[in-house]
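With the sequences and hints as input, model every part of the structure.
First to last, the protein sequences are chains A and B.
Using our numbering, you'd call the opening residue of the first sequence number 1 and step up by one each time.
Using our numbering, you'd call the opening residue of the second sequence number 1001 and step up by one each time.
Calculated directly from the structure, the hints in this document are not laboratory data.
The structure displayed is predicted, hence computed values, not measured ones.
Restricting the straight-line Cα-Cα distance to at most 27 Å, the calculated cross-link-like pairs of lysine-lysine (BS3-like) are: (1) K1101/B / K1125/B; (2) K161/A / K125/A; (3) K161/A / K190/A; (4) K1137/B / K1096/B; (5) K137/A / K101/A; (6) K101/A / K125/A; (7) K23/A / K1096/B; (8) K23/A / K1023/B; (9) K1023/B / K101/A; (10) K161/A / K137/A; (11) K96/A / K1023/B; (12) K23/A / K1101/B; (13) K1096/B / K1190/B; (14) K1101/B / K1161/B; (15) K1190/B / K1161/B.
Residue strings, one per chain:
Protein chains: 2
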Amino acid sequence: MRYAGAVARLIGELARLPGIGSKTAQRLAFFLLSAPPEVAENLSAAIREARIQVRRCSVCGNLTDREPCAVCADETRDRALICVVQDPRDVAAIEKYRGFKGVYHVLHGALSPLAGLGPEELNIKSLLTRLAEGRVKEIILATNPDVEGDATALYLARLLKPIGVTVTRIAHGLPVGAHLEYADEITLGKAIEGRRVIE
Amino acid sequence: MRYAGAVARLIGELARLPGIGSKTAQRLAFFLLSAPPEVAENLSAAIREARIQVRRCSVCGNLTDREPCAVCADETRDRALICVVQDPRDVAAIEKYRGFKGVYHVLHGALSPLAGLGPEELNIKSLLTRLAEGRVKEIILATNPDVEGDATALYLARLLKPIGVTVTRIAHGLPVGAHLEYADEITLGKAIEGRRVIE
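In C-alpha cells:
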C-alpha cells in the first residue's frame, strides 16, 4: 500500500527507533494522526526540546539540562567515590537504589574492537582530569558484566591503579530471588568465587 | 531518579504512545538523545509534518496528503463498489491484497455505547452523500468481526438497505493456514454456517 508521503515518512522515522518494527511503527503513526493534535505536537516538541536542552555534564558526562548535572552539583555527595558506568540509564538504575552517595562517571559505551570503539571513543580523558585533582579515593567500575564491560573494567583498572586510587568492581553473583538450579554456570562460578564470610 | 526536566518530559510523551510502557519510553528517549542529532530532528519533523499535511479525504475519509486521496482520484477504481472499514490501517491491509478494485469509506471507529461512540461520531453522513448520487451498487461492510464491528455492520445494513443498494458483509471463518483443533468455537461455528458449495 502506498501511504501518503508524509505518513510513509513518519512510519519510516518511527521504524528507526530500537525495538520498533514496521507494524508497530504503522500503529504508532496512525495513533499520532488520529489522537488529538496536541499529542503529536507535544511529542514532536519534547523530542526537539530534549535534543536542544540536554547536554553531557562537563564533569561526569551524564545527560543533563543544567551544568554541572544535579548529582555533580549536589554538595552532599561524596566526591572521593566515583562510580564508572557505561550509560546514562545505568546512573538512573543506581540512583533508584538510593544507597549510593558518591558521584558518577559515564563512559557512553564500552570497549568494543569489533564495533570500532576504542578508549578514544569513550569518555575516559575527563575521568583522568577528575583524578588529577587528587581528592578521589575509590573508583567503582560498574560496567556491564559481559565481554565488553569486563574488558573495559580491566582496561580502566590497569590505567587507574598506577595513579594510586583504589579500584573496585561491582560484585557478580546470583540476582536476588533467583533459583540456583536455573542459574547459568558462569554466574554460579562467579557467585562461588565471590563468596563472603557470614558475620 | 530525577531525570533532567527535558528528558523526563520526553519520556512522559513517549509513554503516552499505545503499547509503550515507561521502560520502553526510557530506552527510546536515551536512544534519541544518544543517536546522531538528525535521527531525533527527522522524527520530530516527520511527526509535525504529518500532522500538518495529512487530512481526511473529503470523499472517503481516509488519511491523505492530497485531496481527494489516491484511491478516490484513481479513474480505474470501480466507484459502484464501496468497502466500508473502521480504520485507515484497514484500507492499507486490503490494498495489500491487491484484488479489490472498488473504493473505500473509512468510519474512523465503530459503534461503542460504552465508549460514548454513537453514529454521530462516525464518518457516516458523507457515506450517505456518496450514495445519494445513485451510482453505488454494492456496499461491503468490512468492519472488524467483534462486538463493536458487528453492531456497526448491523446498524449500517439497516440504514443502507432501504436506499436500494446491495449490502454485504465480509466472510467470517478460519484464517488460511489455521488448524481446526485450535480454532475457537465461535469462529468454527461461523466457518460452518458460511460453508460454500465446491464447484
